[in-house]
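Visitor: Chains W and V, in that order, are what the protein sequence lines are. The first sequence lines up with residues 1 to 329 when you count with our numbering. The second sequence lines up with residues 1 to 329 when you count with our numbering.
None of these hints come from the bench; they were simulated from the model. Watch out, some of these pointers could steer you wrong.
Identical chains share a label here; the pair holds if one copy fits it or two copies do between them.
[To be verified] In silico DSSO-like cross-links for lysine-lysine, where the CA-CA straight-line distance does not exceed 27 Å:
id, residue 1, residue 2
1, K302, K221
2, K120, K214
3, K308, K37
4, K49, K197
5, K120, K197
6, K294, K37
7, K318, K112
Quantities reported herein were computed from a predicted structural model and do not represent experimental measurements.
Number of protein chains: 2
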Amino acid sequence: MKSIRSAFALLAIALAGLTTTQAQDPLPSWNDTAPKKAIIAFVERVTTKDSPDFVPPNERIATFDNDGTLWCEQPVYFQFLFALERVKALAPQHPEWKTKEPFASLLKGDVKGALAGGEKGLLEIVMATHTGMTTDEFHKIVTDWITTAKHPKSGRLLTEMVYQPMLELLAYLRANGFKTFIVSGGGIEFMRPWVEKVYGIPPEQVVGSSGKTKFEMVDGKPVLRKLPEINFVDDNVGKPVGINQHIGRRPIAAFGNSDGDLQMLQWTAAGSGPRFCLYVHHSDAEREFAYDRKSHIGRLDKGLDEAKAKSWTVVSMKDDWKTIFSPAK
Amino acid sequence: MKSIRSAFALLAIALAGLTTTQAQDPLPSWNDTAPKKAIIAFVERVTTKDSPDFVPPNERIATFDNDGTLWCEQPVYFQFLFALERVKALAPQHPEWKTKEPFASLLKGDVKGALAGGEKGLLEIVMATHTGMTTDEFHKIVTDWITTAKHPKSGRLLTEMVYQPMLELLAYLRANGFKTFIVSGGGIEFMRPWVEKVYGIPPEQVVGSSGKTKFEMVDGKPVLRKLPEINFVDDNVGKPVGINQHIGRRPIAAFGNSDGDLQMLQWTAAGSGPRFCLYVHHSDAEREFAYDRKSHIGRLDKGLDEAKAKSWTVVSMKDDWKTIFSPAK
Numbered sequence: 001m002k003s004i005r006s007a008f009a010l011l012a013i014a015l016a017g018l019t020t021t022q023a024q025d026p027l028p029s030w031n032d033t034a035p036k037k038a039i040i041a042f043v044e045r046v047t048t049k050d051s052p053d054f055v056p057p058n059e060r061i062a063t064f065d066n067d068g069t070l071w072c073e074q075p076v077y078f079q080f081l082f083a084l085e086r087v088k089a090l091a092p093q094h095p096e097w098k099t100k101e102p103f104a105s106l107l108k109g110d111v112k113g114a115l116a117g118g119e120k121g122l123l124e125i126v127m128a129t130h131t132g133m134t135t136d137e138f139h140k141i142v143t144d145w146i147t148t149a150k151h152p153k154s155g156r157l158l159t160e161m162v163y164q165p166m167l168e169l170l171a172y173l174r175a176n177g178f179k180t181f182i183v184s185g186g187g188i189e190f191m192r193p194w195v196e197k198v199y200g201i202p203p204e205q206v207v208g209s210s211g212k213t214k215f216e217m218v219d220g221k222p223v224l225r226k227l228p229e230i231n232f233v234d235d236n237v238g239k240p241v242g243i244n245q246h247i248g249r250r251p252i253a254a255f256g257n258s259d260g261d262l263q264m265l266q267w268t269a270a271g272s273g274p275r276f277c278l279y280v281h282h283s284d285a286e287r288e289f290a291y292d293r294k295s296h297i298g299r300l301d302k303g304l305d306e307a308k309a310k311s312w313t314v315v316s317m318k319d320d321w322k323t324i325f326s327p328a329k
Numbered sequence: 001m002k003s004i005r006s007a008f009a010l011l012a013i014a015l016a017g018l019t020t021t022q023a024q025d026p027l028p029s030w031n032d033t034a035p036k037k038a039i040i041a042f043v044e045r046v047t048t049k050d051s052p053d054f055v056p057p058n059e060r061i062a063t064f065d066n067d068g069t070l071w072c073e074q075p076v077y078f079q080f081l082f083a084l085e086r087v088k089a090l091a092p093q094h095p096e097w098k099t100k101e102p103f104a105s106l107l108k109g110d111v112k113g114a115l116a117g118g119e120k121g122l123l124e125i126v127m128a129t130h131t132g133m134t135t136d137e138f139h140k141i142v143t144d145w146i147t148t149a150k151h152p153k154s155g156r157l158l159t160e161m162v163y164q165p166m167l168e169l170l171a172y173l174r175a176n177g178f179k180t181f182i183v184s185g186g187g188i189e190f191m192r193p194w195v196e197k198v199y200g201i202p203p204e205q206v207v208g209s210s211g212k213t214k215f216e217m218v219d220g221k222p223v224l225r226k227l228p229e230i231n232f233v234d235d236n237v238g239k240p241v242g243i244n245q246h247i248g249r250r251p252i253a254a255f256g257n258s259d260g261d262l263q264m265l266q267w268t269a270a271g272s273g274p275r276f277c278l279y280v281h282h283s284d285a286e287r288e289f290a291y292d293r294k295s296h297i298g299r300l301d302k303g304l305d306e307a308k309a310k311s312w313t314v315v316s317m318k319d320d321w322k323t324i325f326s327p328a329k
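Looking at chain W on its own, in the form it has when it is part of the complex:
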């Protein structure tokens, strides 16, 4: 058996050599500009054995924001589209919504009016559409919705409004022993039903905002009931807190697109050893959307200044990406 093992090992080495020689570009949708070069240089640096910057595989943690970093977030967060559709679907069971804000405005199609009351209105919409049911029921509602939900402008499935270059980046990092996590301000239970299929990221590697749940016995069967009470907001200063809570070790690479990701990038950068921080800058009005310092959604202002000051990598979607969205399936 020992000789077979040796032959096996030799063949594996030979094959690995062939594979490397014939390797295709791992990031074909990226132009050969600075960001792509910086990513590859970083990955080679931390994966080269006997290098002083070598990082063992179990410490290769990479965290990704979702909205605006992995998929589109314009003209509104997609989770808000979900909430709107749920309000319509639930309206027959809530006749009182006809005269009760923010629902009355929403049902008339007046989103602006519904949100005029500020955060309170938004919170009421979230609670009415995301709580009361069990976690299993909510999982099914999201799964059913995401299967057909389309983007209001492009008409494409929302799950196709994901950035092809970022899908390649996720795969490239994983092929190099990284564990990829989502760390998003979006709802953790809103993302988990579909991110494994779309990004290859399993539910246990998703960190997000959440409501409280309660263990209950219903007809002798245990369920978790979603309560109308906020558990955790995974945004801004919440992102390092969420990372510490869920992952328990500091990422060596972090990817975001807004000021809401700044503390995650700061937290990542502050670790010892090689670190990589990247901002996606929405600079392509033609192929996607162009927005930064003054946007209500995905504002990138302080983050852009800090990225420049700290020499973090900034991706211009217009200049650095050959393709924006993944091809239709």
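Dock chain V against chain W, hints included.
Guide: Relative to chain W, chain V alone:
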């Protein structure tokens, strides 16, 4: 290259055949009694391709309680030993503790007196010893302590007071594509510094009780400060909540030793498809400790009844385990 690939594949198959034929017992510290047979039967059932009970690797989630399931919890929870030593170490900075309970009693060596006030006293001890510092500082305090901390009765390192049969079980499950998680009532930040080395479980696969943390900038460097405020209690009904929050999918196998694990086992059992629930029963007064229905620590009463009613696997440490503790290193 294609022919090399084929040769490679053939060799791999041949090697796999050899390995299976010559396979060693994966659970050598288990007697050949019912629990061992049930474990192996379950693993074979869910890993056999083309079987109706096949479970894809990404859904092979197994959760383990820690205290009393993976390591010893007698005569007191080991985290309490940590807290006691911290009180002693911090006492010079707290002259007021000389007259303030529960610290005054503790410092005199009167643990019973210190805890006479019930949960309030215990909570004060935890807050005084587990909060105020940054997460990095706490990580170092725990790491330093666990390196030398010894068991009050056996005199062995606490990290050697782990159950050898359970270490084998963890490795066996992982070798069969399972992802193993700890789901413990113990502190998540108390466990993470050492569980990877001791159990092979990485920090991101640890669920536990936690306090709140706060993102702060100290001299331009971000830190997470541990606040004297409870975030989550991962025990009893909290275990399914913690599993849902951290893992986001239901385990197919769960392992515990007390009534505090009952809801985790119920939650696991209630999923569709093949499920495996196991209780470790502390029945060996000679080699470990014997306790169950009336113990203050690790009480197993309702759980024992439910295990019998539901035909879950119950391990008698006395009868089913050849060895209890891992050999000295």
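Visitor: Next step is simple, just say for each hint if it's right about the structure.
Guide: Hint-by-hint comparison with the structure:
Proximity of K302 and K221 under a CA criterion of 27 Å is satisfied inter-copy only: 17 Å between copies versus 49 Å inside one chain copy. Taking the shortest alpha-carbon separations for K120 and K214, both the intra-copy value of 24 Å and the inter-copy value of 24 Å come in at or below 27 Å. Taking the closest pair of Cα atoms, K308 and K37 come within 27 Å of each other only inside a single copy of the chain (17 Å); across copies the shortest separation is 61 Å, beyond that limit. With identical chains, the CA atoms of K49 and K197 are at most 27 Å apart between copies only, with a shortest distance of 21 Å across copies and 32 Å within one.
In this assembly of identical chains, the alpha carbons of K120 and K197 never lie at most 27 Å apart, being 34 Å within a copy and 47 Å across copies at closest. Within a single copy, K294 and K37 get their C-alpha atoms no closer than 30 Å, and across copies no closer than 64 Å, so neither meets the 27 Å cut-off. Taking the shortest alpha-carbon separations for K318 and K112, neither the intra-copy value of 30 Å nor the inter-copy value of 68 Å comes in at or below 27 Å.
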